[in-house]
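*Asks:* Sequence:
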Amino acid sequence: MPKIKTSRVKYPEGWELIEPTLRDLEAKMREAENDLHDGKRKCEALWPIFRISHQKSRYIYDLYYRRKEISKELYEFCLDQGYADRNLIAKWKKVMSVSAASAAYKHETTTSQPLASAGSPST
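Quick note, the sequence shown lines up with residues 1 to 123 if you use the UniProt record's numbering.
What the hints contain is simulated information worked out from the structure, not anything from laboratory work.
Any given hint could turn out to be false.
[As the list claims (entries may be wrong)] Derived lysine-lysine pairs resembling DSSO-like cross-links, with alpha carbons at most 27 Å apart: (1) K3 <-> K72; (2) K28 <-> K40; (3) K68 <-> K40; (4) K28 <-> K91; (5) K42 <-> K91; (6) K68 <-> K28; (7) K72 <-> K91; (8) K93 <-> K106; (9) K94 <-> K106; (10) K3 <-> K68; (11) K72 <-> K94; (12) K3 <-> K106; (13) K10 <-> K72; (14) K10 <-> K68; (15) K91 <-> K68; (16) K42 <-> K68.
Work the whole structure out from these sequences, hints included.
*Replies:* In structure tokens, the structure reads:
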């Protein structure tokens, strides 16, 4: 859960652009937490909460790393205030960099010219 906001918190520039989406996701989170889970196992009752938490973190991740629409200051503010999970975002960054490196390697190996064998004369 995000920290309780007081009037002393200074919001960084650009906060007004992402605030409505984060407020909607927080409302969904409260709804999921208060939802009745009769007949469900404990882990099944927590799935909607995890899904919304991941959705908030992914929203911040996409804005900063993919679309580059928010500043580093706003990104750090969101992480510090608990709007996104720092460890989850670090995991996504690692997976994306590994997959990008793998794709680059695959592209490099499939587009290279075949090497002429040492025994055959080249014309």
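*Asks:* Which numbered hints turn out to be false for this structure?
*Replies:* Numbers 3, 12, 16, in rising order.
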